[in-house]
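Novice: From first to last, the protein sequence lines are chains A and B.
Positions 1 to 305 (the working numbering) are the ones given, in order, by the first sequence.
Positions 1001 to 1381 (the working numbering) are the ones given, in order, by the second sequence.
These aren't lab readings, by the way, just hints derived from the structure by calculation.
Positions of the beta carbon are idealized from the N, C-alpha and C atoms, including for glycine.
Each hint should be verified, as a subset may be incorrect.
Unchecked claim - List time: in silico DSS-like cross-link candidates among lysine-lysine, alpha-carbon distance up to 30 Å:
1) Lys125(A) with Lys200(A)
2) Lys126(A) with Lys200(A)
3) Lys1270(B) with Lys1290(B)
4) Lys1110(B) with Lys1072(B)
5) Lys126(A) with Lys1031(B)
6) Lys1031(B) with Lys125(A)
7) Lys126(A) with Lys220(A)
8) Lys1031(B) with Lys1290(B)
9) Lys200(A) with Lys1031(B)
What the hints assert, rightly or not - Quick look at which bits of chain B chain A covers, simulated, 3 or more residues with Cβ under 8 Å:
10) 1315-1321
11) 1328-1341
12) 1346-1356
13) 1362-1370
To be verified - Pairwise CB distance ranges, derived in the manner of DEER restraints:
14) Gln1268(B) with Tyr4(A): 27 to 35 Å
15) Asn1168(B) with Gly73(A): 48 to 56 Å
16) Gly68(A) with Ile1052(B): 58 to 66 Å
17) Leu16(A) with Ala1035(B): 38 to 46 Å
18) Ile65(A) with Phe1274(B): 56 to 64 Å
This is what each chain is made of:
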Amino acid sequence: MLNYAFKRILTIIPTLFAIVTLTFFLMRIAPGGPFDEERPLAPAVLENIQASYGLDKPLIEQYFIYIGNLLQGDMGPSFVYRDKRVHEVLAEGLPISITLGSTALLMALIIGVLLGSIAALNQNKKTDVFIVTFATFGITTPNYVIAPILTLIFALTFSILPATGWGSPSQMVLPVISLALPQIAIVTRLMRGSMLEALKSDHIRTARAYGLPMTHVVGKHAMRSALLPVLSYLGPAAAALMTGSIVIEQIFNLPGIGRYFVTSALNRDYTMVMGTVIIVATLVLVFNLIVDLLYTVLDPRVRYD
Amino acid sequence: MTETVLTHDNKPLEGVVKGRSLLDTALLRLKRNRAAMVSLWVIICMTLAAIIGPTISSHSYDEVYNHFVGEKPSIGAYPKQEQITPITERALSRARVDMEDMNISKDSIKIYIVNRKQEPLDPRITRYLLRADIFQNVELEISQDDPQRGVISADIRPLRFLMGTDQNGRDLLTRILVSLRISLMVGALATGVALIIGVTYGAVSGFIGGNIDNLMMRFVDLLYSLPFVFFVILLVVFFGNNIFLIFIAVGCIQWLDMARIVRGQTLQLKQQEFVQASEALGVNLSNIIKRHIIPNLAGTVVVYMTLLIPRVILLESFLSFLGLGVQEPLTSLGVLIAEGARYMRNDPYLLIFPALTMSILLFALNFLGDGLRDALDPKDR
Chain A
1 MLNYAFKRIL TIIPTLFAIV TLTFFLMRIA PGGPFDEERP LAPAVLENIQ
51 ASYGLDKPLI EQYFIYIGNL LQGDMGPSFV YRDKRVHEVL AEGLPISITL
101 GSTALLMALI IGVLLGSIAA LNQNKKTDVF IVTFATFGIT TPNYVIAPIL
151 TLIFALTFSI LPATGWGSPS QMVLPVISLA LPQIAIVTRL MRGSMLEALK
201 SDHIRTARAY GLPMTHVVGK HAMRSALLPV LSYLGPAAAA LMTGSIVIEQ
251 IFNLPGIGRY FVTSALNRDY TMVMGTVIIV ATLVLVFNLI VDLLYTVLDP
301 RVRYD
Chain B
1001 MTETVLTHDN KPLEGVVKGR SLLDTALLRL KRNRAAMVSL WVIICMTLAA
1051 IIGPTISSHS YDEVYNHFVG EKPSIGAYPK QEQITPITER ALSRARVDME
1101 DMNISKDSIK IYIVNRKQEP LDPRITRYLL RADIFQNVEL EISQDDPQRG
1151 VISADIRPLR FLMGTDQNGR DLLTRILVSL RISLMVGALA TGVALIIGVT
1201 YGAVSGFIGG NIDNLMMRFV DLLYSLPFVF FVILLVVFFG NNIFLIFIAV
1251 GCIQWLDMAR IVRGQTLQLK QQEFVQASEA LGVNLSNIIK RHIIPNLAGT
1301 VVVYMTLLIP RVILLESFLS FLGLGVQEPL TSLGVLIAEG ARYMRNDPYL
1351 LIFPALTMSI LLFALNFLGD GLRDALDPKD R
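Produce the complete structure using the sequences and hints provided.
Specialist: Below is the structure:
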């Protein structure tokens, strides 16, 4: 187990390295630069600015300098947010994005597992049909549709919740729900499917034949095997939440890192792009690792040697 | 199915009923799935609407009606009776003529005008009225005894905005139809690219096997761990705003699942008795692939395709929502939703109609995909 974890951590490093390299060169080959403005700068000024950021050196040299700095934990200066280092900018937004994402993930897990189990236990009854319809609706409605509609209902029509901003718990409600809803739907569908399968299996029939209470059978025995597909979905879910947060942060005007995704790429803020890519890639990779390790806990048949 | 079965010497064999092929059973099962069939019809209707809708619509998607900004959806025709007078007055003041009298009937108008300057009327002033969008067949009759005076007669052109107009005065229905066209085109394009790359890569990897297979699949694993959306944004930066190039590029990324599925299937098929039998009978490789591998892969590939199209459409609208996709005046569902969200407080229909179109399209595609999977999955028989 420990051996496996160690091996997996070792594979994360070259993957990250490949991602960093690919992004670095892709970004640099793209037309345009961070100092493009409506009125072009005087050539001498531009040269001076580029020299001060080290952009006048050959690309390969710049790459090695960047990697060297990165290994020392320095992501370089931002080209757009002058006087700030990239890690400072990201450190401001990251806690907000993480809070938003993890709350949504937790919510998706709890509600999805619950709804999925209820639907499976009431297969083909009204409750089941209702939940499945809800889940299909959730999957087919992207969160940039859900978010404005929820705002329209709860913030603009009934004025129960604030429409924008960040800080108080009431300001979290709408963004978290809009972000979580599609994931709730997917987890519900997964859970329903796997719970149905689990309920059909032999050990559940045996447990019921012994006369164990239904709550015990479902909650302890069926749940354990039914959770596996949901668990393996957590990796993609984390990535989807990351994507979703770009839109959600824009709609609700939240100061997370989602907005840097788009703006830094459009502004050719090279170091900022690298910073966000590294953060996101690391999060996804580490998350996938945790999921794989959790697998052994839930399913003792899976062993990594 | 009136095909007759022939014996080896090409005489019709009697008393033999032609068996049902895999495809027949699959279609039969699909037909029994009501949700999938309804979805299929919805998709066909939407595709037809997307193809011919913008052409037969009386508006163009980028035609701006300055006098009809943010009109609510209605079946009735514009201009409403009370709108005619101010629009006419504005047009006449642009033409620098004064109105002496005006008769409005149900579908035509008669205006008695006099030139502001002490000059004869210029017959070209009719164009000011044509530009006001609401008139057609504008004719100016200059008075015989006083060339400064004249009578303009025109028909009122009925304009219908079934789903209202947007904040720039463009017909929302036409814009939705055009965006449907863009979404479907982009979905088909990216899926097609993903299909070609994925099937080729997966089939080659599965067929060759061994170390090369291992290496090719490690490469796929590496690509899997890339933050996908980020790369799409980088591609947008790279290709500027050419939506079609972007989606060819998206197709170049989306082939990963396809390659994995096809490889798995190919590996399995390679072991099957009928493939080994045809190998033993001396059928050459390309014929084995053509006759046995591809038909057996087709089901999986079709299912995966119907599930990939909605994902691509979602991605396109996501990019457009962020302002990275289709550029004005062209539009897509994502752009319309983003615009609608901005004005939803006063004009909720601007958000509701595009969002509804999007949801129905994705709903139908998902149901059809699920239905096809059930119909083509031999395990489920």
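Novice: If a hint holds in the structure, say so; if it doesn't, say that too.
Specialist: Structure-based check of each hint:
no., hint, result
1, Lys125(A) with Lys200(A), "holds, 17 Å"
2, Lys126(A) with Lys200(A), "holds, 21 Å"
3, Lys1270(B) with Lys1290(B), "holds, 13 Å"
4, Lys1110(B) with Lys1072(B), "holds, 28 Å"
5, Lys126(A) with Lys1031(B), "holds, 25 Å"
6, Lys1031(B) with Lys125(A), "holds, 24 Å"
7, Lys126(A) with Lys220(A), "holds, 26 Å"
8, Lys1031(B) with Lys1290(B), "holds, 28 Å"
9, Lys200(A) with Lys1031(B), "holds, 28 Å"
10, 1315-1321, "holds (count 3)"
11, 1328-1341, "holds (count 5)"
12, 1346-1356, "holds (count 3)"
13, 1362-1370, "holds (count 4)"
14, Gln1268(B) with Tyr4(A): 27 to 35 Å, "holds, 28 Å"
15, Asn1168(B) with Gly73(A): 48 to 56 Å, "holds, 49 Å"
16, Gly68(A) with Ile1052(B): 58 to 66 Å, "holds, 60 Å"
17, Leu16(A) with Ala1035(B): 38 to 46 Å, "holds, 44 Å"
18, Ile65(A) with Phe1274(B): 56 to 64 Å, "holds, 60 Å"
Comparing the model with each numbered hint stated earlier shows that all of them hold.
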